[in-house]
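Q: Here's the letter readout for the chains.
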Amino acid sequence: MSRKQLEMHHTGPAVPAVLYPHRHGRVYAILGLLVLLGVMVAFATTVGSVQIPLSTTSSILLSKLPFVNMNPTWTSALETIILEIRLPRVILAGLVGAALAIAGATYQGLFRNPLADPYLIGVAQGAALGAVVGFILPIDWQWLGLGTVPLFAFVGALLSVAVVYTVARVGKVMPVTTLILAGVALGALLSSIVSFLIITSEEQLHGIMFWLMGSFSLTQWSEIKFVLPYVVVGVGVLLVYARSLNIMQLGEEQAQQLGINVEKLKLILLTAATLVTAAAVSFVGIIGFVGIIIPHAVRLIWGPDYRFLLPLSVLVGAIFLILTDIVARTVLAPSEVPIGVITAFCGAPFFLYLLRRRTKVLF
Amino acid sequence: MVKLEMQGITLAYGDKKVVEDITFQVMPGEMVGLVGPNGSGKSTIIKALSRVVTPYSGTVLINGRDISRIPRRELSLLISVIPQIPLLPSAFTAFEIVLMGRNPHLGLFQYEGPRDMDIAWQAMEQTSTQCLAERRISELSGGEIQCVVIARALTQETQAILLDEPTANLDISRQIEILDLVKGLCRKDKLTVVAALHDLNLAAHYCDRLLLINRGRVHAKGTPIEVINAQNLEQVYGHGSYVYTHPLSGLPAVLPRVDSSRNSSLNK
Chain A
1 MSRKQLEMHH TGPAVPAVLY PHRHGRVYAI LGLLVLLGVM VAFATTVGSV
51 QIPLSTTSSI LLSKLPFVNM NPTWTSALET IILEIRLPRV ILAGLVGAAL
101 AIAGATYQGL FRNPLADPYL IGVAQGAALG AVVGFILPID WQWLGLGTVP
151 LFAFVGALLS VAVVYTVARV GKVMPVTTLI LAGVALGALL SSIVSFLIIT
201 SEEQLHGIMF WLMGSFSLTQ WSEIKFVLPY VVVGVGVLLV YARSLNIMQL
251 GEEQAQQLGI NVEKLKLILL TAATLVTAAA VSFVGIIGFV GIIIPHAVRL
301 IWGPDYRFLL PLSVLVGAIF LILTDIVART VLAPSEVPIG VITAFCGAPF
351 FLYLLRRRTK VLF
Chain B
1 MVKLEMQGIT LAYGDKKVVE DITFQVMPGE MVGLVGPNGS GKSTIIKALS
51 RVVTPYSGTV LINGRDISRI PRRELSLLIS VIPQIPLLPS AFTAFEIVLM
101 GRNPHLGLFQ YEGPRDMDIA WQAMEQTSTQ CLAERRISEL SGGEIQCVVI
151 ARALTQETQA ILLDEPTANL DISRQIEILD LVKGLCRKDK LTVVAALHDL
201 NLAAHYCDRL LLINRGRVHA KGTPIEVINA QNLEQVYGHG SYVYTHPLSG
251 LPAVLPRVDS SRNSSLNK
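Line by line, the protein sequences are chains A and B.
Going by this note's numbering, 289 is the number at position 289 of the first sequence; the sequence numbering is gapless.
Going by this note's numbering, 218 is the number at position 218 of the second sequence; the sequence numbering is gapless.
Just so you know, not all the hints are guaranteed correct.
Listed below are several chain A residues computed to face chain B (Cβ distance under 7 angstroms; list not exhaustive) [as the list claims (entries may be wrong)]:
id, residue
1, V15
2, V233
3, V237
4, Q249
5, G259
6, N261
FYI, nobody ran anything at the bench for these hints, they're computed from the structure.
Ideal placement from N, C-alpha and C gives every residue a C-beta, glycine not left out.
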């Protein structure tokens with residue numbers, strides 16, 4: 001089609017508005033969810049064994065924002081509870097939820113497989129093995145403010161993905177089917193080693209099991225300082241490549257013909273999603289369900305366009321995990337339930353309801 | 001204006017050579033058809049022209065430049081491809097798919113603007129797919145999907161279009177409508193067109209030149225009149241066809257050879 005033709009066309013009938021009102025709806029959804037996330041953070045820091053009114057919590061939180069000056073009307077003990085105990089935990093829950101949801105959405109898009117989750121290519125099993133080794137080894141390192149367990153978990157996750165990637169790579173090409181199969185096979189191998197180590201380590205059993213099911217207890221700011229850069233950079237990279245992920249849904253051949261350097265894109269997306277996931281699981285353990293279901297829930301409500309699916313998944317994932325963490329620490333208070341138990345228990349009924357209500361194609 | 005050239009191209013899947021030593025060139029404003037039996041290598045040639053498969057030996061040139069040195073995005077601004085049996089994600093709408101044709105024109109941080117929307121909408125008008133715009137791919141028929149993909153290729157605004165069996169899923173009037181459109185663009189805007197076609201009658205009618213491919217080699221090339229004759233078809237396709245001159249166009253046309261002896265043996 002030539003320029004000339006197009007200029008002639010400009011006087012012709014315009015594109016009907018009905019073809020892009022969704023876009024506005026999704027932008028409003030992003031703004032609405034951002035507000036909801038803020039409210040959720042304030043609410044989550046209010047809930048706990050010490051009763052603190054929501055107004056006090058909000059004031060304490062607001063007073064810490066830049067450009068806000070407030071005279072404290074609260075005790076410093078309250079401030080410590082809110083800022084040093086509850087807030088880091090809430091923020092880490094939000095970060096991990098965001099990380100797992102966007103990584104899950106990315107893997108689903110990259111592999112064009114609705115069953116993909118952030119753990120598909122060996123991240124979880126690698127992290128689990130690293131963590132278990134960290135529990136068992138009679139050493140207590142500190143490196144960059146990281147304890148032995150998260151450090152080993154993080155390294156284990158990256159190593160296992162590196163192995164999977166190396167195995168699956170043929171020359172310059174990396175077929176995604178081979179990648180999935182290599183991930184599943186290596187994952188099985190690592191899991192069996194983890195199981196073996198668990199049954200031979202009686203005294204660490206409780207700690208290991210709790211880690212494997214995920215928990216946010218005893219979160220400190222230092223952990224957030226470690227996780228935040230990975231999540232921010234990773235999420236940023238994934239958001240930049242969201243349109244390419246749309247084109248990838250056409251298959252690799254058509255994606256190439258539409259100008260995508262497929263192998264480079266796969267490498268970028270895999271690296272970003274793996275780093276985000278590895279950073280998320282290294283402190284809190286393997287939290288299931290979030291990474292696979294949140295992207296699908298977002299798809300059911302707002303459609304398949306990754307340019308909205310990814311940011312919306314980030315927000316919904318963060319809100320969801322903050323919410324389930326509230327349940328995890330209150331339902332059996334003062335003791336805690338591993339959050340991995342709660343995510344599926346709370347999330348699955350809602351997802352089944354969405355699935356039943358919607359009739360359009362999901363993937 | 002794009003000039004496409006294949007020089008001594010040999011293509012292989014593993015060690016199995018599927019195309020051997022193909023050389024041809026296509027000029028701007030020219031429509032060249034690839035014809036030949038199933039498995040003769042037509043689709044593979046199309047894939048090599050769009051650099052989806054890498055040649056075993058030989059080079060593909062676009063305006064004299066080696067295609068393997070052109071970055072993907074730049075290449076997709078020059079050549080668009082309409083694949084055989086296009087695979088499309090079922091949850092997207094037809095309009096979203098057509099709009100994907102703008103991908104190579106957009107920067108990393110850019111969204112489709114009103115102009116991109118207009119181009120896509122215009123392409124859907126040309127392919128009579130505007131009525132499908134809001135429908136999801138899962139609700140469309142094979143022929144409708146084919147037309148949506150053609151609209152996407154037009155939205156890509158390239159100077160060369162490669163078509164791999166563009167009419168395979170279409171009814172007879174749609175076949176003519178689509179090929180008329182492509183041929184019109186080829187003539188008017190000097191588009192370079194290469195089409196792999198099964199239907200010899202359509203190939204003879206629409207293409208300026210034909211390459212008859214058999215078992216990965218060029219069996220004959222030239223104008224439709226030079227290529228489609230009884231001798232060539234018998235050598236390539238066997239005894240199944242009958243060539244005559246189309247009463248309206250004067251071009252060669254092909255019918256299935258149905259003689260009475262064969263009929264009676266089938267009816268037994």
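Q: Against chain B, run the beta carbon of N261/A and see if the smallest gap drops under 7 angstroms.
A: Holds. Min distance 5 angstroms.
Q: Please verify that hint: Q249/A, Cβ, nearest Cβ of chain B, below 7 angstroms or not.
A: holds (4 angstroms)
Q: Taking the closest Cβ pair, is G259/A under 7 angstroms from chain B?
A: holds (3 angstroms)
Q: Would the stated hint for V233/A survive a check requiring a Cβ distance to chain B of less than 7 angstroms?
A: Interface hint status for V233/A: violated (16 angstroms vs cutoff 7 angstroms).
Q: Does V15/A pass the interface check with chain B, least Cβ-Cβ distance below 7 angstroms?
A: holds (4 angstroms)
Q: So, as I understand it, the hint says V237/A touches chain B; can you test that by seeing if any CB pair is closer than 7 angstroms?
A: violated (11 angstroms)
The structure does not agree with the numbered hints 2 and 3 stated previously, though it agrees with the rest.
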